[in-house]
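Keeping their order, the protein sequence lines are chains S and P. First residue of the first sequence? That's 1 in the numbering used here, and the numbers climb one at a time after it. First residue of the second sequence? That's 1 in the numbering used here, and the numbers climb one at a time after it.
Please note that the accuracy of each hint is not assured.
Every beta carbon over 12 Å from chain S, so not counted as near; a handful from chain P, in silico [unchecked claim]: (1) D36; (2) F39; (3) G74; (4) D85; (5) S110; (6) K112; (7) K163; (8) D166.
The list that follows gives simulated cross-link-like pairs (lysine-lysine, DSSO-like), each with its CA atoms no further than 27 Å apart [to be verified]: (9) S:K348 / S:K77; (10) P:K128 / P:K103; (11) S:K132 / P:K128; (12) S:K133 / P:K128.
I should point out that these hints are in silico values taken from the structure, not numbers from a laboratory. From a predicted model like this one, the values you see are computed outputs, not experimental measurements. We put the CB at the ideal spot given by N, CA and C, even for glycine.
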Amino acid sequence: MNKIMFNKHYTEIESDYFANSAEILKASGKYLLGIVAADERSINSKFSIRYFFGGTDGGGIEEYCVKTDESFRSISKICPSAKMYEREIYDLFGLLPEGHPDLRPLMLYPENWDSSVHPLRKDYNGVIHEMKKYGGYKFKEVLGEGIFNVLVGPVHAGIIEPGHFRFSLAGEPVLQLEIRHFWKHRGIEKLCEGKDFNEALGIISKISGDNSVNISISYLEAAESILNIEITERAKYIRVILAELERIWNYVRDVAWIFMDIGFALPAQNLFALQEELMRLNKNLSGHRFLFNSLTLGGVNFDMDSRKLKEIEDMVNKVENIIKDSEEFILSSSSVLDRLEFTGKINKKTAEELSLCGISARASELKRDTRAEFPYLIYGRLNLKPVILDGGDVFARTALRIKEIYLSKKIISDLSSNMPEGNIAVSCESKPEAFGYAVGNSETSRGNAFFYIMADDKGKIFRLKYIDPSFRIWPSIQYGVLGNIIADFPLINKSLNLSYAGNDM
Amino acid sequence: MFLKKLLFKNKTQDIAPESGEGSVLIKGDELKLLVDKVFGRSLFVRLVDSGSCNACETELAALSNPYYDLERFGIKFVASPKHADILMVTGCLTRNMLNPLLKTYENIPSPKFVITVGDCAETGGPFKDSYSVCGPVSKYLNAAVHVKGCPPEPKAVISAFLKLMDILKSGKQEKLPD
Ligand code: SF4
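Given only the sequences and the hints, what does the whole structure look like? Please build it.
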């Protein structure tokens, strides 16, 4: 059992010993990709805590597995990015991370959950407790003369997902921001347990709708490797084209929102119109504006003939032209630059400590792009050079998106002129090995999407864990806003444009 | 230069998609007349996402792009429930969002109407069996109109406003919520 399907580095390790070695791992330039807990008591009468590290030379992922009964040593003080994962494990499994600095409940709000409920334990009996107040949540207060708090959300002004933000201010500058998320916790990981791999894809594609394709790709990477399915070249090409199209429309929208939030409605609407055209292209290609249901286990659901490829090619050329205009406008307008530069700066050191990924990492000098770090589909052959900038501010994140639109455009143009022949899907009869597991990775428009999947002995999903890039990046906003005026918060928030749905799961 | 170019070149609104129900523009004109008549020229909407995948929100945000430009019909998404006539709800309704949803509803002055948007809001969608979902929305609020789709396209949402106006005009919504 427990065949390691994806990499060469697997170590089983004692919890105490691992807490000490985490420091060495970090010192050698590795960073925490994620922590995955599972209730494996039915297999080996233990819980497992798996730590995944990236950043090794040669691009592999290292896995350290701790087996435990009811508690494990926290590594939050060494790797601050572990904090949220450990809180999550405490919530959903009831396993105690010893020495954790902050064990307040995360997803199961004491305002409506009894603290004895741990839904991801296999012996959770499914009893849903009555909706009533079981306890309260304590926020971190900042005290002092003249300090006041501004509370925002969960229901926001505008068409935004729910989240609660608490600013402590002295005058205009922000002294502290505390975020409370997980309002939209939908319990997706538990929902997937016991489902077969195809059924689960239907749920996975709706984790975060605007990144449906890229998240599904990550899931399929893991699922297909468990099931030993090798998809055709043509299917890989189509997946990559769809993934890049999704990235482009996301970036176009993100840049539009930046314009909107600094009061430049005209250039913003220009890009919103472009986003609409990209979504209509999606609909022409797949029948769905968000490309839902485009991918399937073993391939893709529709082919791309030369007419469709031509349509895509025309569109991405148009995007390139319009974005070029926007870029010129940004660079030549001092009132735009004035708002973007030095706003919401996330230092390289902060980005490192929080194990950031995606745009937020690359704008702060970290070379993290899943397409180059852990290449999947055909990205390994494309020799991508991740775009890296060093400002760490709203400007850097905006500029990065613009540059990456050009990159995605180039990928699409290259691939569509070289489409290999072949089928778009292969049949998938194979059964997974009992309790075999695998991980999958992909780069969404926000950063690395990570899946861990273990099959059970009946060919269904035993445990599924998804880590959204937003889950990693949200805490960084709390640092990015420090010292900025509160009026700049919406802009800083939009420059990261994180998903609440993906974070809350 | 760039701004000038934008001002004079854009002609998006005439590209309204043709569909069985007519183009957005025609639908919109009809809608404008009704909003003028029924709601004194302004219909204000407050959105609550009760646990969506965010595609529903993306489509609602798209209603403000130059292709649809909802505001030209007198319909506006507002920041405060106190300003709103309509509560629009997306998502499967999670346990954590139940309270904020009901509080928002309470804070909308009467007469008020609920429009639910997307399959999740109607049935809970793929999330309905989860431990942390207490929806669908209909368990707690009566919707005057529901917009089907996963997610519903912008023009379907515009149709829903029309439908609501029709209901109100013809007095079919006999029992107005308190
Ligand atoms: S109805 Fe569909 S698009 Fe809307 S929130 Fe639910 S899954 Fe997402």
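Okay, the hints, checked on the actual structure:
| no. | hint | in the structure |
| --- | --- | --- |
| 1 | D36 | holds, 24 Å |
| 2 | F39 | holds, 20 Å |
| 3 | G74 | holds, 18 Å |
| 4 | D85 | holds, 17 Å |
| 5 | S110 | holds, 19 Å |
| 6 | K112 | holds, 15 Å |
| 7 | K163 | holds, 21 Å |
| 8 | D166 | holds, 25 Å |
| 9 | S:K348 / S:K77 | holds, 19 Å |
| 10 | P:K128 / P:K103 | holds, 22 Å |
| 11 | S:K132 / P:K128 | holds, 20 Å |
| 12 | S:K133 / P:K128 | holds, 23 Å |
In summary, the structure agrees with every hint in the numbered list given earlier.
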